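Based on these hints, arrange chain Y on the given structure of chain S.
Residue numbers (the UniProt record's numbering), protein chains in the order written: chain S, 1 to 246; chain Y, 1 to 246.
Hints listed in this document are in silico derivations from the structure and should not be mistaken for laboratory results. All of these numbers come straight from a predicted model, not from anything done at the bench. Every residue gets a Cβ at the ideal spot worked out from N, C-alpha and C, and that includes glycine. Be aware that a few hints might be false.
Cβ-Cβ distance ranges computed for the label pairs, FRET-style [unchecked claim]:
no.	chain 1	residue 1	chain 2	residue 2	range
1	S	D193	Y	E217	46 to 56 angstroms
2	S	E221	Y	T172	46 to 56 angstroms
3	S	E207	Y	S96	52 to 62 angstroms
4	S	G112	Y	K155	31 to 41 angstroms
5	S	G30	Y	G201	35 to 45 angstroms
6	Y	K195	S	L126	31 to 41 angstroms
7	Y	K228	S	A103	51 to 61 angstroms
8	Y	K206	S	A103	44 to 54 angstroms
9	S	S96	Y	L197	41 to 51 angstroms
10	Y	S96	S	N176	25 to 35 angstroms
Stretches of chain Y that chain S covers, calculated by requiring three or more beta carbons in the stretch to come under 8 angstroms of a beta carbon on chain S [said to hold, decoys possible]:
no.	region
11	57–70
12	218–225
Protein chains: 2
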Amino acid sequence: MRLSRLLRLQSVFYNQSEKRLASAIQHMVGSKPFNLSLYKLALKHTSIAEETINGLKISNERLEYLGDAILGAVVAEFLFKKFPFRDEGFLTETRSRMVNREALNQIAIKIGLSKIIEKEFKGKNLSAHKSIYGDTLEAVVGAVYLDRGYDFCKKFILKRIIVHFDVDGIITTTSNFKSKIIEWSQKENKEVDFKTLSVTGNQRFKEFHVHLLVGGEVVAEGKGPTKKKAEQDASKNACEILNLDF
Amino acid sequence: MRLSRLLRLQSVFYNQSEKRLASAIQHMVGSKPFNLSLYKLALKHTSIAEETINGLKISNERLEYLGDAILGAVVAEFLFKKFPFRDEGFLTETRSRMVNREALNQIAIKIGLSKIIEKEFKGKNLSAHKSIYGDTLEAVVGAVYLDRGYDFCKKFILKRIIVHFDVDGIITTTSNFKSKIIEWSQKENKEVDFKTLSVTGNQRFKEFHVHLLVGGEVVAEGKGPTKKKAEQDASKNACEILNLDF
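In isolation and in its complexed conformation, chain S is listed as follows (with noise of 0.2 angstroms):
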C-alpha cells in the first residue's frame, strides 16, 4: 500500500485541470484515484491520441481491451449468482447483451462519464465516433483495475455500472425468443410450426435437431439437449433471419 500512498501525495501537485478530472473522478468511481495518469490514459481516444517520436500512440486502446475482459468476468459472475437454474447458454447470451457496445454507450451517459470525454475532446465533434462512450467506459474499467485491484473494480462495475442495467428486460427478450416468432407470426397470420427432424446420443446425452417452418417452408434449424432448447434456439436463429428487433 506504500506506493498507492506516495501516489495519493501527487495529489498535492494537481493541476486545476488534473483537480478537476480527480473530481470528477472520485464522483463517478466512488473514491478518489490512487494514480490519475491511468485515468488520463483511459480517456484518451485514439483520434485525439498524439504519436510519440518512436511513431507510437499512446490511446487508450489497450485499456480497453483489459477492461472489456475484467467486465466480462464481473458480470459473468453476477449472473451466475444471480441464476442459479439456468444454463450456460442463457447465461452466455445474457451476457453478450448486456456487454454490447450500445448498453455500454447508454451507462456511460447515466454514471456521467460522457460529460467528461465532452471535456476531453474540448468541443471537437464526437459524432464520428459513435462507439465513444462505450469503449472509453470499457478503458475506465481497466484503469480502475490497475489502480485498485480486483476486488474494489468489481465492486465498481456491480454498484455503478450494473446497477443501471435493466436486467429483467434483457432476460425477456433473451428468454422469449420462440413467443416472438409466434407473437410474429399471429401479426402477419402466417403459421408457424417446429418439426424434430432427429435425436441423436445416448440416454444420458441427447441433442434434438429440429426445424423452424414458417408456412410450410423451413426458415431455420436449431439443436439442443432437449427438445424445447432446441426450439428456442431455431427461434433465435429464425429471428435473426427473419431481422425481427427486440
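Showing chain Y alone in chain S's frame:
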C-alpha cells in the same frame, strides 16, 4: 474466513474416494480445496451428469462459463503487462490463441487434470468428447475462483496454467502474417505485392485500405491506422483465404 475454516473441517468426514480427489486437487491447484463439492461439480461433464427429479441436469457447464471469463481476464492482464508496447489487436489475437480449446486440452493433460477426469469416467469412452479436457479445465478455474477468490485463482492460472503456454511460439505466428505470406510466395515462386487503395480520415485518425495481390490478382484486403498494420491485416486475411497453416 470462518466459513472456509468450517468447510476445511469437512475433510475429516471425507470418504476414500473424496480423500483421493481432494489430494489430487491439492496437487494440481497447489492448496487444499476448501469446498470439495465445487471441484466435484467441475468434473461433472454433461455426458455423465444425472438428471434431478424436476428434469434439471447438474453438470459443469455453468462453472465452465464462469471459468472461461475468469481465465480470459487473467490472460488479458498477463499479456497487457508482458507486452507494454503492443497494441490491442495483437493482445486480443494472442489471447484468443492462448485460450482456444486445443491449447487448453493440452494443458489439462500437462497438469494432470486428464487423469482425474478419466477416473471420473470410470473407463467410459472419452473419445466422443474431443474438448472435454479443455472444457473441464475451464470449469476447474471457475471452481477455484468460487472456492478461493480472485487473487488465489489468478496465481493458480499464472503459475500452473500460463506457465505451460509457449507464448513466444504463439506470438511468432501472431505477428508474422506478412513474412508468412512472403515466405510462401518465394516457395511457390509467385509475386506478392501490396497496393494502397485509399487513406481516409484526418491527420490524427487515419485509415489505410490496402489490397494484397498475388501475381497481379487481388487476393485479400486489409485496413488499419497505419500502412504497416493494414498490410498485416491483409496478410492475415490472405493466410486464411490461402489456407496457410501455422
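Results for each hint:
1. S:D193 to Y:E217: 46 to 56 angstroms: holds, 47 angstroms
2. S:E221 to Y:T172: 46 to 56 angstroms: violated, 40 angstroms
3. S:E207 to Y:S96: 52 to 62 angstroms: At 27 angstroms between Cβs, range violated.
4. S:G112 to Y:K155: 31 to 41 angstroms: holds, 36 angstroms
5. S:G30 to Y:G201: 35 to 45 angstroms: holds, 37 angstroms
6. Y:K195 to S:L126: 31 to 41 angstroms: Check passed, 33 angstroms falls within 31 to 41 angstroms.
7. Y:K228 to S:A103: 51 to 61 angstroms: violated, 34 angstroms
8. Y:K206 to S:A103: 44 to 54 angstroms: Taking Cβ atoms as reference, Y:K206 and S:A103 lie about 29 angstroms apart, which means the hint is violated.
9. S:S96 to Y:L197: 41 to 51 angstroms: violated, 33 angstroms
10. Y:S96 to S:N176: 25 to 35 angstroms: Holds: the Cβ-Cβ distance is about 31 angstroms, inside 25 to 35 angstroms.
11. 57–70: Answer holds; 9 residues pass the 8 angstroms Cβ test.
12. 218–225: violated (count 1)
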